[in-house]
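Sequences listed follow chains A, B, C and D, in order. Going by the working numbering, the residue at position 282 of the first sequence is 282; the numbering climbs one at a time, nothing skipped. Going by the working numbering, the residue at position 286 of the second sequence is 286; the numbering climbs one at a time, nothing skipped. Going by the working numbering, the residue at position 118 of the third sequence is 118; the numbering climbs one at a time, nothing skipped. Going by the working numbering, the residue at position 238 of the fourth sequence is 238; the numbering climbs one at a time, nothing skipped.
Please note: incorrect hints may appear among the correct ones.
No distinction is drawn between identical chains; accordingly, a pair holds when it is met within one copy or between any pair of copies.
[Stated by the list, open to error] Simulated pairs of lysine to any residue, SDA-like, Cα-Cα distance not exceeding 20 Å:
#	residue 1	residue 2
1	110	277
2	31	17
3	110	139
4	31	69
5	91	30
6	110	70
7	110	183
8	91	19
9	110	222
10	31	169
11	31	294
12	91	157
13	31	55
14	110	141
15	91	54
16	110	140
17	110	280
18	110	249
19	110	145
20	91	282
21	110	167
22	31	70
23	91	268
24	91	53
Source of the hints: derived by calculation from the structure; they are not laboratory data.
4 protein chains.
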Amino acid sequence: MHLSGVLAPIPTPFDEHDRADTTRLRRALAKWLERPLTGFVVLGSTGEAVLVDDLDADRIIVAAREVVPADRHFIVGTGRESTQATIRATKRAAEHGADAVLVRTPGFFKPQMTSDAFVRHYAAVADASPVPVLLYNFTAMTGVNLLPAAVTTLASHPNIVGMKESGGDVAQIADLVAATPDDFMVLAGTATTFYPALCVGAVGGILAPACVVADACARVFELTRAGRHEEAQRQQRELVPLSRLLGPTYGVPGLKAALNLVGYDVGVPRPPLAPVPEAAVGVLRDALARFEEIPA
Amino acid sequence: MHLSGVLAPIPTPFDEHDRADTTRLRRALAKWLERPLTGFVVLGSTGEAVLVDDLDADRIIVAAREVVPADRHFIVGTGRESTQATIRATKRAAEHGADAVLVRTPGFFKPQMTSDAFVRHYAAVADASPVPVLLYNFTAMTGVNLLPAAVTTLASHPNIVGMKESGGDVAQIADLVAATPDDFMVLAGTATTFYPALCVGAVGGILAPACVVADACARVFELTRAGRHEEAQRQQRELVPLSRLLGPTYGVPGLKAALNLVGYDVGVPRPPLAPVPEAAVGVLRDALARFEEIPA
Amino acid sequence: MHLSGVLAPIPTPFDEHDRADTTRLRRALAKWLERPLTGFVVLGSTGEAVLVDDLDADRIIVAAREVVPADRHFIVGTGRESTQATIRATKRAAEHGADAVLVRTPGFFKPQMTSDAFVRHYAAVADASPVPVLLYNFTAMTGVNLLPAAVTTLASHPNIVGMKESGGDVAQIADLVAATPDDFMVLAGTATTFYPALCVGAVGGILAPACVVADACARVFELTRAGRHEEAQRQQRELVPLSRLLGPTYGVPGLKAALNLVGYDVGVPRPPLAPVPEAAVGVLRDALARFEEIPA
Amino acid sequence: MHLSGVLAPIPTPFDEHDRADTTRLRRALAKWLERPLTGFVVLGSTGEAVLVDDLDADRIIVAAREVVPADRHFIVGTGRESTQATIRATKRAAEHGADAVLVRTPGFFKPQMTSDAFVRHYAAVADASPVPVLLYNFTAMTGVNLLPAAVTTLASHPNIVGMKESGGDVAQIADLVAATPDDFMVLAGTATTFYPALCVGAVGGILAPACVVADACARVFELTRAGRHEEAQRQQRELVPLSRLLGPTYGVPGLKAALNLVGYDVGVPRPPLAPVPEAAVGVLRDALARFEEIPA
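Could you put together the complete structure from these sequences and hints?
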């Protein structure tokens, strides 16, 4: 498995009765397949995984797997707070056809989530997983930080092949690249710093804005790889305002609103999340209008 | 329902095969019933609720309810990240005999967890709950803060009767008391500031150290209520070092180690939590030796 | 020297040409002498000390000393970033008649401001000071925290007699009281938690709102000392909204605006501080109207 | 004035009697002139400016100016907490020959240090300054953040020509570049992210490690400018461990120790700063041994 380029962490459609809607999911995925995306993550943070129970998770994985062809990476988020629940979710995802799993750090018992705890947790998951494991650090949501020292240790596990780092701290991405072997894949999780992350050694990105503006994200990747840094920097700069809106400002509700605006029909977020207010829809529409790939 | 005094948020025993152990739970509860505790919380943060799946949760609630008599409060933690899962857990807890539920704030999607989101979430849960609802704010673990403004709104719901505030910020407890009607019960969740929390209007506490040193905790409460502030302050001071060890320093693993030291047999924490190291057991033993209520 | 009760950390009047105005200072002090204040701090944080150069500091100290009689405590803020500048300022303050000095922690080189550094700094200052020294911790402004461990060490110095703790963390005040001898005076620096601070052992407070509502502050102190806790708590509650406005919300500019509203004529803050906007003056006027001691 | 490349923010030598030592300063500067540095900053944060009084500041500026030739940039740090003191220091620095001044944000009254306050402060300083002004944001030390919105406004002032951003947040540097005209010079202040900062548009750096390993820093700059990104990234990676030691780990005392190890004789830091312990000297010696430019 070699990940590179831009992957989309897709949202989970819910209908107006707060049910996971696999019909909408299949339709949206069919559209995403037309974009320059090297793969998909279902049930990541953007997929509202923490709001989805295990039965629905199975339905979502099965439905998505049927649509995604073998030449695209199909990755499933399976992080849970307990090690045993993470292993159970990982095995089910593998049974249902996941190419790899993306395992968010547990984060509730913050003072106890030391590097030692993370190493034990991930080693147990990787030992039990039938498919390759990607580490996943998202400090802004979990409140804990998977540090390069722990990642160095875990990178030597034969079934741990890479990591998604969703922090915008480029120095930490540089540290992760420096602290791991060349074949360990560090993937950026923040679109606002995608270009500098690639500069310091990230091999690609799993980027929420890629659900909406895949071309723009892919261009940052291709230009950087081609050594056309000035253009990459310029393209990155155009990506920043929308990335802010879909990240810290409006989050998953903003992403769903943006996707609905451009014809993906992904429904509403699950409570306690709520649709963004009407004013935010206007702000998003204006930000989207600046991208050529989006039809007026 | 009128809560006051000291309630114990009890841990969930797990056996050496990482299974919830209801036999140990019943035995420990029988011992706790001999202590000056006005009630019990099962499946709170201290009960490692985030590491327990729904099937086990049911078994734990049923087992505990059978042991706890009607003259003690029996409260079940039912907070989940999604509103619908919280409602389901709440209904099951009520069916199994909970007197009330303690509902921790959702906290994953931090930027979206505004006062509005909390009000919608808790109102939906309280509307659906067959038993009274207690709000539960534990910023150190969730990374979000349920502010007095939201609590004021929620306090007017007929089925929301009180709140556990686990932050050590006495000013926030004073604000909560000031911002809610007299019959809304604010309970302290931090033993290190139990006495000043009572001074500013908390009606009692749900305190992890009360699982170990119930007498000392109850004495702080009784002395303060009797207006014997100097003595209350002195008693509080003796409580602080152990409370630190069982809270920020060693957390739930520390509490389980302490309980095992004093004869409660509550097993080990669930991975990724791990038992405290041997050195910590020594530190805990020394801290416990200072309490008369604990037999040498 | 025995400090107790309520002291006022008075602001420094500046005129419209950005000059320290000792005439206004004398007049305002004459009015403050009529209030139930046990002493005064000049050139504390509230006195905009960091915006005042050494020549002006001397003028301000001399002018204030002439007005304050011997039966009120007269304390001068002399904290500087370097140890040698702090010693120079301390000696000058003593020459000009300070009864004691209040020495804010240095705070610029945050990672180096360890307990060791604080112990060295304060010991050198106390060795050189002709008058008693009060430690001063104000984490919200300095970004560093003078911890109880360091204070324990420093409390054994014969010339270090007490401490002002301006953090609202009541647990830290309780820790400071517990960690120091009985004759070491811990003074609260935050009016919003004055009553609980007294509960856990503070001997008094140096409180910015006391410049405006001295009676209300003094009443909290007297009621608590008399064991009338319910009334003290009620009085404290009335103090909170104004204390918030004069603290975190509007700061020194808010205090100056409030004082000007009630007839103290203390001029404007020094740039880069600016007078509060007109809307804030209205908010302050409303908050002040709730205090009987302020004439309508 | 066009700044680019690598500038050194030099430390201020103090002798064993805690006096500023201009003889040592001249000698050290003579050595630095042999390195590939495009300019020097005296009395910046690294120069312990907050520990130096105005008389000593004048002596230091005069001494340094005499040594630095006209073809190197000579910049003086003149930030103070009050606007009027900053203007006075700025005028004196200009009289003594500064080519430009570097003005750190005031930071004591944190809640009041809004973008408005910064705009007023810097505009007043720039209006009064005989030489160009560089803004200077160092959130880790000041606790305040000069945001891109304020910088955009200030960049239109004819006498404000650039900015040193000492935060390691590459996204903020990218924002500053995007938010200002092309001729506004953004300089990186953190060596650990120098290369990615250059990628996103910084024109150079004012880097404490450049006092010790100027060649290595200059190489990162030259390689990036030449489009040799792989090599620049590799060179950057070698710079990181030492930069961490001279920054967050040991700070100015660490820089002085390192310089003394490689023959610069810059004395000791001023109290309350203290020399690093012996063990740190060993760590620094090992880190320095990895740089070819340092003679064994």
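**Study point:** Hints that the structure is at odds with (numbers, increasing)
**Key:** Numbers 2, 5, 6, 7, 9, 10, 13, 20, 23, in rising order.
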